[in-house]
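We have chain A already, so just place chain B on it with the hints.
2 protein chains.
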Amino acid sequence: MKLSAIQRAYISGFLDGDGSVYVQTKRNASYRYGYQIAPAIVFFQSAKSEDSFKEFHRLLNLGNMRKRKDGILEITVNRIAEIRELISFVKPYVRMKRRQIELLEQILSAKEQIEDEDDFFALRELVDAYRNLNYSKKRKRIVDPVET
Amino acid sequence: MKLSAIQRAYISGFLDGDGSVYVQTKRNASYRYGYQIAPAIVFFQSAKSEDSFKEFHRLLNLGNMRKRKDGILEITVNRIAEIRELISFVKPYVRMKRRQIELLEQILSAKEQIEDEDDFFALRELVDAYRNLNYSKKRKRIVDPVET
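Respectively, the protein sequence lines represent chains A and B.
Throughout the first sequence, residue numbering follows the working numbering, covering 5 to 152 in sequence.
Throughout the second sequence, residue numbering follows the working numbering, covering 5 to 152 in sequence.
With the rest of the complex left out, here is chain A (with noise of 0.2 Å):
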């Protein structure tokens, strides 16, 4: 299904008003490095509104929908290339999230491309930054942001 022009700046409008777009950095050592990067797009509501949400999901036609424990809905998209098609999607119309939208795209680019070690310390730069725009700096976090 090709979305139209309208369907993807509602789609953007939805994502910056209701929508985060984040990267976790978890410690892994089955990886490479030492960690696993893994960013996701996701879309919340709230569950009394569970007909409609699913039928934002069919025109979004990316990521998984899951009702979690406190009964609040989550859609998301967190395979790479879905990730990649959802912000082609929104990159000409998102406003509060443009920046958290144009960094994603960069570290996807740079998980990509990682050859060795200092590649992945500059991938890690970039979570850094990311994470420095969707945080406060009040707030400190010193662990990686859990937010699903």
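Just so you know, these hints were derived from the structure itself, not from any lab.
All C-beta atoms in this analysis are idealised placements derived from N, C-alpha and C, irrespective of residue type, glycine included.
Take the hints with a grain of salt, since some may be wrong.
To be verified - Okay, derived cross-link-like pairs now, DSS-like style, lysine-lysine, Cα gap no bigger than 25 Å in a straight line:
#, chain 1, residue 1, chain 2, residue 2
1, B, 73, B, 30
2, A, 58, A, 6
3, A, 58, A, 95
4, A, 73, A, 58
5, B, 95, A, 6
6, B, 6, B, 30
7, A, 58, B, 95
8, B, 58, B, 95
9, A, 95, B, 58
10, A, 95, B, 52
11, A, 52, B, 6
12, B, 6, A, 95
Said to hold, decoys possible - Reference excerpt, derived from the structure (chain B facing chain A, CB under 10 Å, subset only):
#, residue
13, 9
14, 14
15, 21
16, 22
17, 29
18, 30
19, 32
20, 56
21, 59
22, 60
23, 63
24, 67
25, 70
26, 99
27, 103
Stated by the list, open to error - Selected chain B positions facing chain A (in silico; Cβ < 10 Å):
#, residue
28, 10
29, 18
30, 20
31, 39
32, 44
33, 57
34, 96
35, 97
36, 98
37, 101
Quick look at chain B alone, frame taken from chain A:
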């Protein structure tokens, strides 16, 4: 400033993702039938997004922005002429909140046409129907909703 279809679709997505469409019924003896019917459309963001939310407010060009004591920013559109303008923007594009927007439009019309107490009670029934859209039955709210 005239908004393009793309901009209206974006605002509709923002409203669906994050906004709130509601009608408050406030006891107020100075009103003819003892109640004030106060509709509003509200957009929310956390204070860390203040700059880009101000930019969104300039695009919207309706309502007033304020910071709540808990730090959340709100753009509240509660003047009747402005609510009507916003409804006309979003009506072709809104998905999740379509029924709320349509019922709010009916409430505004009914409010304008009140001539006697019967009309007023018919309006209150519309407002109750509206409330059932916004709140799940489990919550069984007896008191008037206060979302601000």
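Hints, one by one, checked against the model:
The suggested pairing of residue 73 of chain B with residue 30 of chain B holds, with an alpha-carbon distance near 22 Å, which does not exceed 25 Å. For the hint pairing residue 58 of chain A with residue 6 of chain A, the CA-to-CA distance comes to about 18 Å; that is within 25 Å, so the pair holds. Among the hinted pairs, residue 58 of chain A with residue 95 of chain A is consistent with the structure: their alpha-carbon atoms are about 23 Å apart, no more than 25 Å. For a cut-off of 25 Å, the pair hint linking residue 73 of chain A to residue 58 of chain A stands: about 18 Å separates their Cα positions.
Taking the CA atoms of residue 95 of chain B and residue 6 of chain A, the gap is about 23 Å. The hint holds against a cut of 25 Å. A C-alpha spacing of about 34 Å is found between residue 6 of chain B and residue 30 of chain B, which places the hinted pair above 25 Å, so the restraint is violated. Simply put, residue 58 of chain A and residue 95 of chain B have alpha-carbon atoms about 20 Å apart, close enough for the 25 Å limit, and the pair holds. Taking the CA atoms of residue 58 of chain B and residue 95 of chain B, the gap is about 23 Å. The hint holds against a cut of 25 Å.
A distance of roughly 20 Å separates the Cα atoms of residue 95 of chain A and residue 58 of chain B; the hinted pair therefore holds under the 25 Å criterion. A hinted pair counts as satisfied when its Cα atoms are at most 25 Å apart, and residue 95 of chain A with residue 52 of chain B qualifies at roughly 21 Å. Taking the CA atoms of residue 52 of chain A and residue 6 of chain B, the gap is near 34 Å; set against the 25 Å cutoff, the hint is violated. For the proposed pair residue 6 of chain B and residue 95 of chain A, the alpha carbon gap of about 23 Å is at most 25 Å, so the pair holds.
The criterion of a C-beta within 10 Å of any C-beta in chain A is met by residue 9 of chain B, whose closest approach is roughly 6 Å, and the hint holds. Because the closest C-beta pair between residue 14 of chain B and chain A is about 4 Å apart, less than 10 Å, the hint holds. Satisfaction of the interface hint for residue 21 of chain B is found here, the shortest Cβ-Cβ separation to chain A being roughly 3 Å, below the 10 Å cut-off. The interface hint given for residue 22 of chain B holds, since its Cβ lies 3 Å from the closest Cβ of chain A, which is under the 10 Å cut-off.
About 21 Å separates the beta-carbon of residue 29 of chain B from the nearest beta-carbon of chain A, more than 10 Å, and the hint is not met. Restraint check, residue 30 of chain B versus chain A: the minimum CB separation of about 24 Å is more than 10 Å; hint violated. Against a cut-off of 10 Å between C-beta atoms, the interface hint on residue 32 of chain B is violated, since the closest Cβ of chain A lies about 29 Å away. Satisfaction of the interface hint for residue 56 of chain B is found here, the shortest Cβ-Cβ separation to chain A being roughly 4 Å, below the 10 Å cut-off.
Among the interface hints, the one on residue 59 of chain B holds; its C-beta lies about 6 Å from the nearest C-beta in chain A, closer than the 10 Å criterion. Satisfaction of the interface hint for residue 60 of chain B is found here, the shortest Cβ-Cβ separation to chain A being roughly 6 Å, below the 10 Å cut-off. Because the smallest distance between the Cβ of residue 63 of chain B and any Cβ of chain A comes to about 8 Å, under 10 Å, the interface hint for this residue holds. For residue 67 of chain B, the suggested interface contact is broken, since its CB lies about 15 Å from the closest CB of chain A, more than 10 Å.
Annotation: residue 70 of chain B was flagged as interfacial toward chain A, and the flag is violated, the nearest CB pair being 18 Å apart, outside 10 Å. With a cut of 10 Å, the hint placing residue 99 of chain B at the interface with chain A holds, because the nearest CB-to-CB distance is about 6 Å. Hint on residue 103 of chain B holds. Least Cβ distance to chain A is approximately 9 Å, under the 10 Å limit. Using the Cβ-Cβ criterion of 10 Å, the hint placing residue 10 of chain B at the interface with chain A is satisfied: the shortest such distance is roughly 5 Å.
Hint status for residue 18 of chain B relative to chain A: holds, with the closest Cβ pair at about 4 Å, below 10 Å. Hint on residue 20 of chain B holds. Least Cβ distance to chain A is approximately 6 Å, under the 10 Å limit. Checking residue 39 of chain B against chain A by beta carbon gives a least distance of about 26 Å; that is not within 10 Å, so the hint is violated. Taking 10 Å as the C-beta cut-off, the interface hint given for residue 44 of chain B is violated, the closest approach to chain A being about 16 Å.
A least Cβ separation of about 7 Å between residue 57 of chain B and chain A falls short of the 10 Å threshold, and the interface hint therefore holds. Because the beta carbon of residue 96 of chain B sits about 9 Å from the nearest beta carbon in chain A, less than 10 Å, this interface hint is met. With its C-beta approaching chain A no nearer than about 6 Å, residue 97 of chain B sits inside the 10 Å limit, and its interface hint holds. Checking residue 98 of chain B against chain A by beta carbon gives a least distance of about 9 Å; that is within 10 Å, so the hint holds.
A distance limit of 10 Å between C-beta atoms decides the matter here; for residue 101 of chain B the minimum to chain A is near 8 Å, and the interface restraint holds.
Of the numbered hints stated above, those contradicted by the structure are hints 6, 11, 17, 18, 19, 24, 25, 31 and 32, listed in ascending order.
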